[in-house]
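**Q** Next come the chains, spelled out residue by residue.
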Amino acid sequence: MNNDPIIRLTRVSKKFGQSMLAVDDISLEIGEGEFITFLGPSGCGKSTALKMIAGLLPVTAGTIEITPQTVVSEQDLGFVFQEPTLMPWATVFDNVYLPLRLAGLKRSDVEPRVNGILKDVGLTRFGGSYPRELSGGMKMRVSIARALVTRPRILLMDEPFAALDEMTRSKLNDDVVRLANENKLTVIFVTHSVFESVYLSTRIIIMAARPGRLVADMPMQRPWPPRDEWRTTPEFMAEARKVSETLKGTLNANDIDH
Amino acid sequence: MQTTSITEDRDAPVNTAQLRRAWRERILTWIMPITMLIIAFGLWEYLVWYHEIPKYLIPAPSLIAETLIKDGPSLMASSWFTIKLTFFSLGLAIIGGVLLGALFALSRPVELSLFPFAVILQVTPVVAIAPLILIYVDSTFAALLICAWIVAFFPILSNTVIGLRSADHNLSDLFTMYRVSPWQRLRYLLAPSALPYFMAALKVAGGLALIGAVVAEFVAGAAGQHTGLASRIIESSFRSEIPRMFAALVLVSLLGIVIFLLTSWASRKVLGHWHESEVRREH
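Same order as they appear, the protein sequences are chains H and L. Going by my numbering, the residue at position 147 of the first sequence is 674; the numbering climbs one at a time, nothing skipped. Going by my numbering, the residue at position 131 of the second sequence is 132; the numbering climbs one at a time, nothing skipped.
If you are wondering where the hints come from, they were derived from the structure by calculation, not from laboratory data. It is possible that part of the hints are untrue.
[Claimed, not checked] Below, a list of computed lysine-lysine pairs in the DSBU-like style, where the Cα atoms sit at most 35 Å apart:
| hint | chain 1 | residue 1 | chain 2 | residue 2 |
| --- | --- | --- | --- | --- |
| 1 | L | Lys270 | H | Lys633 |
| 2 | H | Lys578 | H | Lys542 |
| 3 | L | Lys270 | H | Lys646 |
| 4 | L | Lys56 | L | Lys71 |
| 5 | L | Lys204 | L | Lys85 |
| 6 | L | Lys85 | L | Lys71 |
[Claimed, not checked] Label-pair distances were calculated between CB atoms; the ranges are:
| hint | chain 1 | residue 1 | chain 2 | residue 2 | range |
| --- | --- | --- | --- | --- | --- |
| 7 | H | Leu778 | L | Ser182 | 42 to 48 Å |
| 8 | H | Asp603 | L | Gly273 | 34 to 40 Å |
| 9 | L | Leu44 | H | Glu660 | 43 to 49 Å |
Since we're looking at a predicted model, the values are computed, not measured. We put the CB at the ideal spot given by N, CA and C, even for glycine.
Bound conformation, chain L alone (with noise of 0.2 Å):
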């Protein structure tokens, strides 16, 4: 009888010292950065209006934000473009690092003889091999995929090979001896074992991409055949229209916060339940 008072007794302010810090935690997460933001943005309205700074210069926020109204359709146009762009690019680095990591984790020769292409692909500034690129390849499309592809391929790769192989010892000694096919090794043991490292790979791939998309519309920029939002960027600074500038770049930054959203909330989905890296520790 005594132990359960003392549990009751116990448990009424720890609770309320829960709820206390959850509802903390969430100010944290939302209120403050919310409100930073909103600060942030009026000192440089305000620093903007009180110094008379040409807008050719730095534009005001306001004028920012009636720029985004006003040009929103050719903007929004762009927009679609640069996220075709990423999201594809993304798309093919998936496929292609998760199969050629599989084959690489299944394979130590042919790891051993494709990996320094990887190295190189990674290693060479993707602005060096753009233009070369865009020479070979007829679309412009295809050109700036490839791009941002080689950008984006190499974290999934790597990660996906260092995923396949860090199976637990004793785990994988026990499908052997229950004989396994290698395709029941690979489903329901290495596959959910590279799930922790394919996951932070795909955050890092998403910025990624992004870059990469970018870069490559920069670099391809002369070729004036398309419309995203890196050559809108190009295109407003020969125009010296600074506040298109600034709106398209909001758009460009907007694109990355998204991506990174999408990419931590699929971590969380896919690993909440067990990953060290993703359970919320109870205080």
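Just chain H, same shape as in the assembly (with noise of 0.2 Å):
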């Protein structure tokens, strides 16, 4: 791990409409090489954050700053959304190629690059297949390989797995360390679940809702990547609770509906 920041945050801040206060004056600096969640309740501005990192929603006040030799092109980040978002109309193959596709690049030179992307996240025999013929699993590693096809070297993924049953959450996460780690990926993963949180990171940045603001910058101290039995490890347990508390004591009365 390097520890020149490659992804700096200034005092950023995001506004919807003239008073909905989305982003509060946000400041980090990430380091290459990191597994950082944004951890928090709804509304918290996590998801905010995340696209405006990834130029998808412009920031109102601050900066965003991403070191200009990580990202030269649109092919160094990768984007996985809240749902599987793939092309109902084309095969798995043809969604995981769109991003080569749309780079100018032939199919044929690429074919294998997609099939050994495809093999990577365990779809290897699915390359024909249509996404309404997937399990909601299998179609958010469809949307993982697209976001690696390109290789990037920044990865932001914004709750990715909260729509999916716990076995197959928990099977996705050791598949993301595993790709991060093989791919020396930055990632940033945001999630509402404090144990995906814990296992899955280097470091846990916890927010709070209205107005969505920074309040807890966490390095976990523990070699990384995890393995799956540490899930079910005293240690784990007492980060988690550790994590949980810190969570639960920047809720405020208003946030307790949610």
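Hints are included, so try docking the two chains, each in its own frame, into the full complex.
**A** Right under this line is the structure:
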């Protein structure tokens, strides 16, 4: 891990309309190879912050810098949405091939690459299937494969597994950790699950709602990548409790109904 | 091991039930309508014969069939005229509707300024505009074409606009992230998203193009320079040749059915592998 930050947020704010302050004055530095999670209740602006980093939303105030040599083209940034967000009219292969096709690469030239990434996410046999034929977890894998096929250096994930069952979710968590490790990715992962954030991250950013703000920055003191067995250890539970309590402390009376 | 045997046990009866259901489905989709048509025609033939209804009131199906064969060549020429008219106008409606729809979807000002005209064209009955068009346009065929086009054009336009705007927002964000050109966005995102809406419009417009063609011919009937099926109906009515009227009517209906089947087939072909409206669900 290199300690020079590759993403730097300086006093970033985002307003929707006149009064809705979604993100209030966030400053943050993210180093290469870090696995960061934004953890917080709904409405804390974590997805908004992620979309601003991706360049999908303009900032209202402040700056977001990404080290130029890290992101030289759109290919260097991968984004995974809350929903699989696949094109229902295209096969799994074509969905994964999309970013490369848009970059002007010929199908025949990148076929091995697309098939390779499909193998990485365990979908070797499903290249010719259509999204509607897949389960929720498999669709999410396609979505991850599409984000990774451009070999990005930064991967942004917006609550990607929120809608999945527990078993699929922990399997996909393991896959993401493995892929991040193998590809030396810097990952920013948005979630509202304490366990997910504790398991995945090298560092947890806890956010509070109304207005969305950063309340705690907790580096995780343990070896990364985590092993599956770690989930059942007392250390894991202790970490989760610590994070959970910090998170609880940030909730004010207004948030209880959420 | 146990799991496997359970699955196998379950599979067997399910498959037979599925086969039976597929068979029943086939009976329902083909044999039932055909049987009902035969019964209806039989009843018609019988009632005409039993009550000795004169052929200038209601001809029997057998007489209509006889007329179809007897007047075959001239009726075929008329059919060909109506077919040309219908498909030409449908083609022009597709081209015009899609191009204008794309323009509307791309530019809000263009939509706001041109939409009233499209609505006026749509809500004014074609029967009311047709006489004017026949005066202004020299070629009767061109005049009829314009009338049929007016009727078929609007559903294509409005559905194309809705379709092009209905692309998934997240997918649209993804395309923005990849910094695509407007052409790439249209080709890989907007056009496929609009396809289900377009195909639905095509089914409606196909029928409307025929209605437009027939209505326009009725209005133009007096000019007498054309021989479409609709003018054959009017002509036969003037001469009280009721069997020929029915024969021409049958041909118009057949043309409508063919258009419906063609557009349905096209829709299934284009959307069948992915869109909910055309995907066959397995029970």
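**Q** Next, verify each hint and record whether it holds.
**A** Consistency of the hints with the structure:
| no. | hint | result |
| --- | --- | --- |
| 1 | L/Lys270 <-> H/Lys633 | holds (26 Å) |
| 2 | H/Lys578 <-> H/Lys542 | holds (13 Å) |
| 3 | L/Lys270 <-> H/Lys646 | holds (31 Å) |
| 4 | L/Lys56 <-> L/Lys71 | holds (16 Å) |
| 5 | L/Lys204 <-> L/Lys85 | holds (18 Å) |
| 6 | L/Lys85 <-> L/Lys71 | holds (23 Å) |
| 7 | H/Leu778 <-> L/Ser182: 42 to 48 Å | holds (46 Å) |
| 8 | H/Asp603 <-> L/Gly273: 34 to 40 Å | holds (38 Å) |
| 9 | L/Leu44 <-> H/Glu660: 43 to 49 Å | holds (47 Å) |
Every hint from the earlier list agrees with this structure, and none is contradicted.
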